[in-house]
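**Q** Now for the letters of each chain:
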Amino acid sequence: MKLARKDILGIRDLAVEEINLILDTAESFIEVSTREIKKVPTLRGVTVMNLFYEPSTRTRTSFEIAAKRLSADTINISTATSSVVKGETFIDTAKNLEAMNPDIIVLRHSAAGAPHMLSRVVRQSVINAGDGAHEHPTQALLDMMTIREKKKRIAGLKVSIVGDIAHSRVARSNIYGLTKMGAKVTVGGPSTMMPRFIDRLGVEVHHHVDDAIRDADIIMMLRIQTERQDMSVFPSLREYANLFGLNRKRVALAKEDVIIMHPGPMNRGVEISPDVADGPYSVILDQVTNGVAVRMALLYLLSGGN
Amino acid sequence: MKLARKDILGIRDLAVEEINLILDTAESFIEVSTREIKKVPTLRGVTVMNLFYEPSTRTRTSFEIAAKRLSADTINISTATSSVVKGETFIDTAKNLEAMNPDIIVLRHSAAGAPHMLSRVVRQSVINAGDGAHEHPTQALLDMMTIREKKKRIAGLKVSIVGDIAHSRVARSNIYGLTKMGAKVTVGGPSTMMPRFIDRLGVEVHHHVDDAIRDADIIMMLRIQTERQDMSVFPSLREYANLFGLNRKRVALAKEDVIIMHPGPMNRGVEISPDVADGPYSVILDQVTNGVAVRMALLYLLSGGN
Amino acid sequence: MKLARKDILGIRDLAVEEINLILDTAESFIEVSTREIKKVPTLRGVTVMNLFYEPSTRTRTSFEIAAKRLSADTINISTATSSVVKGETFIDTAKNLEAMNPDIIVLRHSAAGAPHMLSRVVRQSVINAGDGAHEHPTQALLDMMTIREKKKRIAGLKVSIVGDIAHSRVARSNIYGLTKMGAKVTVGGPSTMMPRFIDRLGVEVHHHVDDAIRDADIIMMLRIQTERQDMSVFPSLREYANLFGLNRKRVALAKEDVIIMHPGPMNRGVEISPDVADGPYSVILDQVTNGVAVRMALLYLLSGGN
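Protein chains in written order, with my numbering: chain A, 1 to 306; chain B, 1 to 306; chain C, 1 to 306.
Just so you know, these hints were derived from the structure itself, not from any lab. Some clues are possibly wrong.
One copy or two, it doesn't matter: identical chains are merged, so the pair holds either way.
[To be verified] Here are the simulated SDA-like pairs of lysine to any residue, each with C-alpha atoms no more than 20 Å apart in a straight line:
#1 Lys158 - Arg214
#2 Lys95 - Ser56
#3 Lys39 - Ser303
#4 Lys39 - Gly304
#5 Lys39 - Ser71
#6 Lys39 - Gly305
#7 Lys2 - Glu36
#8 Lys150 - Thr89
#9 Lys95 - Pro280
#10 Lys184 - Lys255
#11 Lys39 - Asn101
#12 Lys95 - Arg268
#13 Lys39 - Val258
#14 Lys150 - Asp13
#15 Lys6 - Ile37
#16 Lys184 - Ser71
#17 Lys151 - Glu239
#18 Lys2 - Ser110
#19 Lys95 - Gly269
#20 Lys95 - Leu285
With the hints as extra help, turn the sequences into a complete structure.
**A** Written as structure tokens, this is what we have:
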């Protein structure tokens with residue numbers, strides 16, 4: 001089976017069969033990263049451009065490693081070191097990069113919808129590596145891959161997502177993906193961090209974290225973006241930790257074999273206590289490993305692999 | 001035929017036969033970028049260092065893609081992320097890089113003459129990727145390649161270059177190259193943006209843009225560097241746009257089959273109106289595509305290819 | 001013979017046989033950098049991560065070139081362009097990178113001991129590329145390689161290290177290495193730049209540079225870190241140059257065939273006069289060349305080569 005689409009812009013527009021294809025392909029790539037020679041010639045001659053308008057360590061590195069393991073060439077462009085700020089429009093930058101004939105453009109941008117705009121103006125495949133508070137599809141795919149790996153299924157599981165739901169592209173992509181795959185999704189967080197009309201997304205909403213995570217198969221904690229934090233949203237980090245942070249006592253409310261996820265980077269002692277982050281239920285580092293495999297799968301499938 | 005020189009420092013010192021050789025070679029490389037596997041093993045084991053003392057997206061990316069399509073290794077060094085500012089002299093930095101045995105050093109520097117100085121102290125080939133307001137030879141070569149591609153010749157054509165001639169390395173390199181290749185070059189711009197002794201370069205000078213572009217085969221608009229802009233040079237961007245910006249009405253003064261060029265990044269609505277930039281005469285994105293091919297040709301020829 | 005260790009954290013814990021093995025291996029790699037095709041397939045499929053928490057041109061470039069000459073893939077992460085500052089702990093960053101399955105992590109960090117901490121939490125090989133004022137083992141190895149190359153031995157030679165001994169990781173690593181290899185090490189510098197208990201390291205201490213370098217076979221000048229310089233340590237750069245700078249007159253106090261070393265970047269006219277830096281005794285650029293070979297050797301040996 002082939003992935004019959006040009007781009008990966010969001011989970012919202014992916015069909016269940018497409019998600020399954022991506023996860024199956026990613027699983028088959030896990031093995032490459034454990035070989036002695038961690039490289040296959042599959043994408044030799046393919047150029048992957050990482051175009052990052054927001055700083056990122058793990059996502060950019062993950063894409064770069066994924067590309068290199070497939071023998072693709074990578075070009076990193078980040079606003080920190082480039083002249084993308086010289087007054088040129090985003091579309092002109094895009095058309096210029098297109099004219100250099102890369103094959104796949106990976107875009108992170110602070111503006112929701114930027115990858116969609118890019119996709120419309122360039123003939124290359126576009127992968128959304130996070131756009132504003134909108135979507136972060138590769139994160140949701142690696143999360144679903146991790147759930148499937150640990151639980152052997154997604155359908156029927158109770159997944160609790162806790163934190164700043166309103167401003168989280170990770171939450172949004174996971175809500176789209178997990179509900180699509182048949183999971184029961186519960187969200188928990190202070191009302192100031194809950195988007196309007198959240199109930200229309202087919203999730204159960206709780207304002208007390210204990211209610212949100214009760215009997216959960218999976219708890220997915222979101223990062224509190226302390227750098228953006230505005231005291232009108234929440235009085236203090238300490239109060240957030242007390243009311244919404246995940247600690248061992250709260251984990252006990254979930255199923256006995258619950259797994260704990262976090263997209264990183266973690267604020268230890270804020271949204272998650274260190275003993276939970278490092279505890280036996282935590283699959284946080286498996287998520288990272290699966291991230292490379294998911295990105296390999298996407299680069300491969302968008303290049304016409306099957 | 002081989003390119004019998006160590007460096008590409010400027011168009012001024014290139015002979016007509018050398019320019020033809022570079023353009024012919026670049027043409028033959030256009031095809032590589034359209035293949036499914038966009039990579040040839042020609043420069044395997046060659047190391048290209050991109051040493052950028054000024055920020056750049058398109059030029060650095062273009063060189064990096066060019067090198068990778070030829071299977072060369074690339075090392076990027078930019079002052080934004082490195083310690084080149086630690087008080088070491090430029091020549092010491094150069095000698096240090098030389099001692100690591102790269103093969104070709106691509107240098108962008110804000111100081112006119114920096115590549116020439118580099119070339120004298122290192123045994124490696126040096127390519128000038130723009131030095132101050134002096135020269136930008138790879139830009140002029142890709143411009144000439146684009147003109148030849150669209151017009152099948154350069155000799156005898158009327159090329160009008162419009163904008164801040166005094167501070168433009170693009171203008172200077174193109175004036176050297178185009179006059180050498182037999183084109184008739186006209187420059188237009190406010191008198192405050194016209195270099196002294198410009199007439200000695202063998203060009204026709206106009207201070208009204210309409211006069212400059214009348215009957216032109218090619219109009220080459222220069223970027224107004226709004227970030228450097230000093231109100232003593234020009235009263236306002238709006239006034240500049242009115243008096244010197246290229247719009248559809250002005251294009252009508254040129255030949256019917258005129259082509260419009262711009263080295264990018266464009267300030268839409270300042271030196272060029274959006275409908276002209278995106279219109280049928282615009283070859284701005286062809287310039288970008290040809291830029292990769294020209295840089296492949298230079299890397300290849302300087303490595304001893306023929 | 002194989003290098004039976006996971007990491008290179010410092011010279012202090014290397015045995016003489018290990019140092020000899022590294023230097024012998026490095027010597028055999030010198031030839032690769034002089035070939036027309038400067039690349040061997042030895043480390044194909046190996047991923048080297050350059051994780052730099054301090055800016056660096058020469059060390060990062062040297063590691064990157066070394067890796068590429070062995071056909072390894074390189075991933076550069078620098079705090080200047082990444083989100084490593086987002087509040088994540090260093091160990092969490094490390095565990096995340098580990099989860100992406102690189103093979104070797106090269107770390108530069110301003111905190112002494114950071115590579116040791118990294119080494120304890122990740123299964124990958126760690127190479128210390130400089131940690132605070134603690135160690136810079138690859139610099140000391142390339143220095144010892146240069147001494148051996150020029151003098152055919154290390155044992156019995158008199159090596160004078162002059163400058164800010166207290167804050168220099170280069171000095172510390174060289175003192176460990178050179179005394180281990182049988183050299184007689186003398187240090188010279190103002191008392192405010194001399195570490196407490198320096199005599200316990202088996203070196204001779206002088207506070208007058210002339211005494212320190214008398215009859216030296218090797219003079220190793222340290223960089224004065226003018227950017228960190230605090231006037232409580234030394235009154236002025238000019239006074240430093242007069243009292244501790246190496247000039248031609250002082251060189252005459254050393255052995256006739258003395259060689260002059262400097263780890264770079266140099267402050268010409270401060271710790272070293274230009275005529276000495278560029279003079280016949282200077283082996284400063286040989287150090288840089290040998291740096292690539294030493295790093296190739298380490299990448300090779302830590303990957304299981306023999």
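**Q** For every hint, state whether the structure bears it out.
**A** Status of each hint after checking the structure:
no.	hint	result
1	Lys158 - Arg214	within (9 Å within a copy, 72 Å between copies)
2	Lys95 - Ser56	between (24 Å within a copy, 16 Å between copies)
3	Lys39 - Ser303	both (17 Å within a copy, 16 Å between copies)
4	Lys39 - Gly304	both (19 Å within a copy, 18 Å between copies)
5	Lys39 - Ser71	both (7 Å within a copy, 12 Å between copies)
6	Lys39 - Gly305	both (16 Å within a copy, 19 Å between copies)
7	Lys2 - Glu36	between (29 Å within a copy, 18 Å between copies)
8	Lys150 - Thr89	neither (44 Å within a copy, 26 Å between copies)
9	Lys95 - Pro280	between (48 Å within a copy, 16 Å between copies)
10	Lys184 - Lys255	within (14 Å within a copy, 67 Å between copies)
11	Lys39 - Asn101	between (24 Å within a copy, 12 Å between copies)
12	Lys95 - Arg268	between (42 Å within a copy, 14 Å between copies)
13	Lys39 - Val258	neither (34 Å within a copy, 48 Å between copies)
14	Lys150 - Asp13	neither (25 Å within a copy, 42 Å between copies)
15	Lys6 - Ile37	between (30 Å within a copy, 18 Å between copies)
16	Lys184 - Ser71	neither (39 Å within a copy, 47 Å between copies)
17	Lys151 - Glu239	neither (33 Å within a copy, 66 Å between copies)
18	Lys2 - Ser110	neither (31 Å within a copy, 48 Å between copies)
19	Lys95 - Gly269	between (44 Å within a copy, 18 Å between copies)
20	Lys95 - Leu285	between (37 Å within a copy, 7 Å between copies)
When each numbered hint is compared with the structure, violations occur for hints 8, 13, 14, 16, 17 and 18.
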